[in-house]
Amino acid sequence: MITERYDFVIIGGGPNGLGIAAYLSKSGYKVCICEERLQLGGGAENAEPIPGFRIDPHATYLYGAAAPIFEQLELWKFGFRMRYFATLSGAITSDGKAIIAGRFNREGTYESIKKYSPRDAEFLRIMQDTFKPYAKDFLRSIFWTPPYPPGQYDYDELPWFRFLKEKVPGALSLFPTEYMELSTYEILAPATYIPPLPPIEMVDPEETGMGFMVPLLVVRATQKCYTYGGSHRFASAMAREFCSLGGIILDNAEVEKIIVEGKKAVGVKLKDGRKIFAKVVASSLPAPITFEKLSQIPESAKEESQILNDWKWDKWSFFTLHFTSKSTPKLKPGRENPLSFMTIIGFSNLEDVMDFFRKLKEGKPEIRGGHFTCQSMFDDTLSRDGKVVSFLQVCFPYCDYKKEEIERELLKLCEEYFEFSQDEIASEGPKEIEMRLTSMVRGSIKHGDYTPTQMGYFRPTENSSSSATPVEGLYLCGASTYPGGLIIGGPGYIAANRVCDDLGVKKWWKPPDFILKFLKNYGDK
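Residue numbers (numbering that gives the first Met the number 0): 0 to 524.
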């Protein structure tokens, strides 16, 4: 039987697994990634379902544009390029209302919202002006900083609050702490002129105690961008960086078991029988799947294993229709609005959106609205014959469905808003997501639902918060840990910091000053 030894073995070669692997390799350690698929990148991938027609079958929007990994890992040296857009988002309702939004199109955003609500337009202008110089550091104080135990610190002690208090004191009046306990619906209800889809498609809008997600998702959404050449260029740049540092990648290498000796994880056994031993095992798989793979459960982890049996997967997933056309889709007369990077179509108002999500939670699929992107407007690499590549993505439950019927309904929705001559099509629903990316159980793009008991310090559980688990030598670095899913790289970055802290490894990178200040003042609390 073949055995190999490394300092670290990483389970899963998605963005988070690649991230922690690159940080540890650059620290001088011998690191191996075990990836069950032939292509690295997890949800950050490209595919060519029809020759000459390239798509991002899963993730397109890069929400982690503020991540420190882009600077610290110098991914531009390995072909990674970001693209930003003046008009980032737009929305057109079924009754003809239309707005646009974008941090690089400040006046256009203000004027489009002012038509329906001068108060909200002014609020957004103040918010943009307030956050613009500090958005990156604000996001880093949350999404790339470990969570802290509730009740152990007052709000004004936490890094993100201290950062706002010192740099952006006016922001505290925009988002009172009382918002934390509300649902996203309760916060967004006053803005009923346009359906606010992006802030709530990641979070159950009726889930109380999730109000804190609204400003975070809104600010983060303003920073999102696009990976030129397709989302896999992000993953491939990290893989090249990792290999240049001496890292080893094993593809087609499904981990069957995590080898536990006594109370310590000491390596992994692959499905083909190979064993790989290491000082530390870091898993980017969801926490429940990680614990299912333990060869034995130490006494210290039995309670954790029981808790994870009740893990809640995402309430809904996505269904995405990709298609080519001979020319760029144009909005139909009466629906005039500058075509943005992402345009929400189909809904009439917030109550319409709420009714849609209530049906989703009941497992009832309904094609009512979603978000549309014409990728070829921003990326000329996706088609070889000059055709235009676009997609429409809608929230969709994990249920039985006939792809052809859903494809027809999605095309019909597109045709209500756009003029285009559709050619080839490709699609993916929750079941295809689960089959292709097995870590996304029931199509769970976030590796688990966002609820008060599965967010913050409790993601995935209180005992496994901040990456370390009750199993010695076993760490979690995937989207089931804080801060969660989407391509942000936060879980991998936080795990890399935690591993180095636990092992006493000197970091070659420097955390932000506001984090160092917090650790100096409160690290022993």
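There's no promise every hint is true.
Claimed, not checked - The calculated BS3-like cross-link candidates involving lysine-lysine, where the alpha carbons are at most 25 Å apart (straight line), are:
1) 301 - 360
2) 311 - 325
3) 263 - 76
4) 135 - 509
5) 262 - 274
6) 430 - 401
7) 292 - 262
8) 135 - 96
9) 292 - 270
10) 278 - 311
11) 262 - 278
12) 363 - 325
13) 292 - 430
14) 270 - 360
15) 325 - 262
16) 386 - 363
17) 76 - 506
18) 430 - 411
19) 331 - 29
20) 386 - 360
21) 445 - 505
22) 263 - 278
23) 358 - 292
24) 268 - 301
25) 263 - 292
26) 29 - 401
27) 135 - 114
28) 256 - 445
29) 325 - 274
FYI, nobody ran anything at the bench for these hints, they're computed from the structure.
Which earlier hints can't be squared with this structure? Numbers 1, 2, 3, 8, 10, 12, 14, 15, 16, 19, 20, 21, 23, 26, 27, 29, in rising order.
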